[in-house]
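S.K.: Protein chains in written order, with the numbering used here: chain A, 414 to 604; chain B, 3 to 165.
Check before you lean on any hint, since a few could be wrong.
[Claimed, not checked] Where chain B lies over chain A, by a calculated footprint (3+ residues, C-beta under 8 Å):
1) 446 to 453
2) 539 to 547
[Said to hold, decoys possible] So these bits of chain B aren't anywhere near chain A, every CB distance computed over 10 Å:
3) Phe-9
4) Asp-11
5) Glu-12
6) Leu-22
7) Ala-29
8) Phe-30
9) Glu-31
10) Val-35
11) Asp-37
12) Gly-55
13) Pro-62
14) Arg-69
It is worth saying that the hints were derived from the structure and are not from the lab. For every residue, glycine included, the Cβ atom is placed at its ideal position computed from N, Cα and C.
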Amino acid sequence: MALESSSEADLARRCRRGEPDAWRELVRRFTPLVYRLSHRMLRDGAEAEDVSQEVFLRMHRSFDGYDPTRPLAPWVSRTTYHACLRRLQSSARRAGRLEREPSLAGDFDPDARSPEQSAEASEAATLLARAVEELPAQDRALLDLRYREGLSDAEVSEATGMPVNTVKTRLFRARARLRAWLAPLLARSDA
Amino acid sequence: MTGEPRFQDEQAEAYLDGELSREEAAAFERDLVADPEIADALSAAVVLRDLLGRMPPLEPPPGLEQRILGALRLGRRAAEAGGTDTVARPSSLPSVRAAVNGAGWMVRPSAALVHAGMESARPIAGGLTQLRWIFGPLALGRAVAEPPRPLWRRALGRLGRIG
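Could you put together the complete structure from these sequences and hints?
M.R.: This is the structure we're talking about:
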């Protein structure tokens, strides 16, 4: 079976056996997730790259403890999430506060739309990105895992170590904050 | 900024999360048609989720995958099994070494990222058309972000909120 199409369980078993090709496939599949989540939490591309390497090294060292019958994405997410938290806590201790990075809205790609639509999309994305930036790093991670990576509440819970109800509550509050922030925009959609 | 969540917002979120029972969902859909505030709450929740699904793609920078593979020094574990390779512990990540040694993380200066176009968030002119790029894909059934439940699509369609 080609590695590209192998199941996660099969890939995990191969990784446990230390097959280089399996590890290459693991890195290929999950580097985007690890980098995105790291960048979303740390708001720094260079830090996100460092953490991405750290995450795969940690997984490499601890793969024997992974249950290959479980999906990989939550496990990879959990390793990433906690690596980012450690780095944020370390940064906070050093600086006394978390550094703020510019918003990511400039990277927003509104697909192929008319100039008018693109402008609207860009402005909405700008507002949302600013609002998301105001959220705590853990909430940004929850939103990212839930809505960008498509994890279920239970998988987000597994990834973050938070109880499912906590995940739901934090997601609800995060959405409520975003909704309040975007209220003028959302209200106009009903005008 | 946040305020207390309104009941209709909670209901809309629960509806979209599929957490309402069949009976509760049916009742919500009836209220949706009768109560504009509930319809507004659902519209706002749908738009917000759609926007969240459109957050910047954040592709990994070129070469990151290769750097990770290099840091892993692939073949080490296989070599451990076979006993033929003696690849040393990765040394290209001082931050990892420092953490393992209990010395804390490397300090890396903040990236001087400057994103043009973030200087201001101009108010957006009113009107539903301002958000048609959001609703458009829904109306066309072009799932940019896969809808979590088909129910709300039907419900919004009944209200004429989407085509």
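S.K.: Hint by hint, work out which the structure violates, then give me just those numbers in ascending order.
M.R.: 4, 5, 12, 13 and 14
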